[in-house]
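Peer 1: Sequences listed follow chains A and V, in order. Just so you know, we're using this note's numbering here: the first sequence kicks off at 442 and counts up by one. Just so you know, we're using this note's numbering here: the second sequence kicks off at 112 and counts up by one.
Derived from the structure by calculation, the hints contain no laboratory data. Since we're looking at a predicted model, the values are computed, not measured. Watch out, some of these pointers could steer you wrong.
Pair ranges (Cβ atoms, derived) [what the hints assert, rightly or not]:
{"#": "1", "chain 1": "A", "residue 1": "PHE637", "chain 2": "V", "residue 2": "GLY170", "range": "56 to 64 Å"}
{"#": "2", "chain 1": "A", "residue 1": "TYR588", "chain 2": "V", "residue 2": "VAL271", "range": "58 to 66 Å"}
{"#": "3", "chain 1": "V", "residue 1": "LEU386", "chain 2": "A", "residue 2": "MET573", "range": "39 to 47 Å"}
{"#": "4", "chain 1": "V", "residue 1": "VAL271", "chain 2": "A", "residue 2": "LYS691", "range": "55 to 63 Å"}
{"#": "5", "chain 1": "V", "residue 1": "GLU197", "chain 2": "A", "residue 2": "THR476", "range": "29 to 37 Å"}
{"#": "6", "chain 1": "A", "residue 1": "ASP698", "chain 2": "V", "residue 2": "VAL271", "range": "51 to 59 Å"}
Cβ coordinates follow ideal geometry from the N, Cα and C atoms, glycine included.
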Amino acid sequence: MGYVPVKGGTQAIDASIKRLTYERLKGQEILEIKTILSTMGSMVDQVMSESSLYSPELAALAIKQGEGSMEEAVFLMRAHRSTLPRHYYSETVEVETMLVERRISASFKDIPGGQLLGATYDYTHRLLDFGMMEENAEVNRKWLQDYRDSLSVIQSGQEVVYFPKVVDYLREEGLFETFEPDNAQPTDVTKQSLQFPTTRSARLQVMTRGQTGAVTSFGYASLRGYGEVHPTVGEVRVGKVPIYTAHPNKTDLDPEDQFYIGEIRITEVESFVPVTVKNTNNEDALEFEIGYGVCYGQNETKAIAMSILDQCLEHPNTEFPTHDEEFVLLHIDSVESTGFISHLKLPHYVTFQSKLDSIRQVKKEGTAVES
Amino acid sequence: MRANTHFAFFDEGSKKEIRRATLKAVAIPGYQVPFASREMPIARGWGTGGLQLTLSLIGQSDVLKVIDQGADESVNAVSIKKLVQETTGVQLTDQTENADLIQSRHRIPEVPLTKDQILILQVPIPEPLRPVEASEYKTKRMHAEDDYSGAWLMLFEQIVKYGKTATYADHPVYVNGRYVMAPSPIPRFDNPKMHHSEALILLGAGREKKIYAVPPYTAVESLAFDDYPFAVESFNGQGCRLCGTGDVFLDELIDQETGKTVYQCNDTSYCMDQLNSKEKVGVTSSYA
Chain A
442 MGYVPVKGGT QAIDASIKRL TYERLKGQEI LEIKTILSTM GSMVDQVMSE SSLYSPELAA
502 LAIKQGEGSM EEAVFLMRAH RSTLPRHYYS ETVEVETMLV ERRISASFKD IPGGQLLGAT
562 YDYTHRLLDF GMMEENAEVN RKWLQDYRDS LSVIQSGQEV VYFPKVVDYL REEGLFETFE
622 PDNAQPTDVT KQSLQFPTTR SARLQVMTRG QTGAVTSFGY ASLRGYGEVH PTVGEVRVGK
682 VPIYTAHPNK TDLDPEDQFY IGEIRITEVE SFVPVTVKNT NNEDALEFEI GYGVCYGQNE
742 TKAIAMSILD QCLEHPNTEF PTHDEEFVLL HIDSVESTGF ISHLKLPHYV TFQSKLDSIR
802 QVKKEGTAVE S
Chain V
112 MRANTHFAFF DEGSKKEIRR ATLKAVAIPG YQVPFASREM PIARGWGTGG LQLTLSLIGQ
172 SDVLKVIDQG ADESVNAVSI KKLVQETTGV QLTDQTENAD LIQSRHRIPE VPLTKDQILI
232 LQVPIPEPLR PVEASEYKTK RMHAEDDYSG AWLMLFEQIV KYGKTATYAD HPVYVNGRYV
292 MAPSPIPRFD NPKMHHSEAL ILLGAGREKK IYAVPPYTAV ESLAFDDYPF AVESFNGQGC
352 RLCGTGDVFL DELIDQETGK TVYQCNDTSY CMDQLNSKEK VGVTSSYA
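One chain only, chain A, in its complex shape (with noise of 0.2 Å):
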């Protein structure tokens, strides 16, 4: 049945699901949920992260029904997104609270409360492992004994206590601004679409959810030379932090009267960058702000990333694309930008005819003149 002339579209569009079907069916394999979710960790974090929705158990589904493509399971997030009521908003996190699995600093050799290296392949060497092309259950099983037995022998601290900010540090030496926070009602992205000039808050909430590989992307360009902004990370820190929501229905603001309602898991960076200011002489003086980066999930190259594009965009300069707030926040969200390419597949049998159509014009009037 032939695809252009319309009819029959409807056949093939069924034969054509059913085929997508077989070819996940085929393998007679079944992936389990909760097998992406204990063994795929950052691919979940990273479909959470750009479809903003904080929700594992969703993210592997989607991850599930994609077969693995991150684009159809940010998608099939955000569409699953638009179907849910917005009730609450929550109070201001306190990131300062995070439990921290893992936190270092390039910056400073020595940071008060110490480096912590955590769960990470920054160290590991990338030579395929070729032994787990045959992993076994019981191996397996007897080197998790052994390591939680390992465990066993260290005594943990009779208190919780909290990793101080290593930015603190230098505010107190006069090296960084110290801002009163600004409590105002940040603009929703979802709720709101972007205007130009946009506020931070708008810049950071497009960042967070804009695609890995886009945000990465433009970051490494401000680094390579497209951009002015090359930090140094002041702090990588990765760990849960508790969200809590105000009373519905009371005015006051007593934080005891709070709900809690649960945790995310998070990875925050603080970029240190050098940056020309006016002293109170008027004249140009040097000092370091803070580019600021934060996404769902452990995904540090993206955290990271968006910290260098922050301070771009806080710096608009039409000299180089990665400043021009525009080009970057319009650029990056994977649902556009991938929606937008793929239908490039569409029919554009109209289109082209009315472009072939001019072209052949303007050729036989150019053979015209030049005989």
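Chain A is already provided as a structure; the job is to place chain V on it using the hints.
Peer 2: Using the frame of chain A, we list chain V on its own:
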């Protein structure tokens, strides 16, 4: 599907190609020689350029030292050492004078190097003109035309703005009076160590696919004006809190108990040496 790793990871053809680029780099001091940089088992930007040089040069009898930010025990140094040793079985050392290959990130050791040693520096951004020109095509032409006005202008603008030059690490240098070169992000403190160095200095940038070199006894001058001379980092006359040395590059640390700033040798193996020799003197004198 299983594969055993070759000696020093690379196949012999790859090593040969890298050595050939290295020879060209030595022949044209400071000139950035493009090479077919390989994907390595460590991340781009974590020292793959240096690692490729090390692996292409190393032989079974070599003794290797790897430092990162002055420390032999720094995470990245440990990781690189582990990889080279696993694929070659060479001997490792922390002692600068015992090594014949020294791969380093961001530092030149405090102990002067000798003609029997090769220093390999990891380079993130080999192009000294990158801050003034984003395009690779254009910077290459500027090098060819000996057009370094952009680099000079950068320094001049800093003087106009801040009253002095305000470069950080990676202060550009003139090599052999011809090419302006990024000395890898070594502190300005280490720039003079490149001048007439007895050891061969090789610089490798894996991500940017460039190899360049400072051959032994080559002139290396930091860019500066007569009336605004080049200056190295200052540490307010402080000395190392452990060994007391003052004329070395120091780390600024925060004492967690007192909250005060303290200083310590950045080159950890040098500091250890100083402490050991003091200890020895102490022991001998007490026995005497």
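Peer 1: Are the hints correct? Go through all of them and say.
Peer 2: A quick look at each hint next to the structure:
| no. | hint | verdict |
| --- | --- | --- |
| 1 | A:PHE637 x V:GLY170: 56 to 64 Å | holds (60 Å) |
| 2 | A:TYR588 x V:VAL271: 58 to 66 Å | holds (60 Å) |
| 3 | V:LEU386 x A:MET573: 39 to 47 Å | holds (45 Å) |
| 4 | V:VAL271 x A:LYS691: 55 to 63 Å | holds (59 Å) |
| 5 | V:GLU197 x A:THR476: 29 to 37 Å | holds (31 Å) |
| 6 | A:ASP698 x V:VAL271: 51 to 59 Å | holds (57 Å) |
The structure fails none of the hints (numbered hints given earlier).
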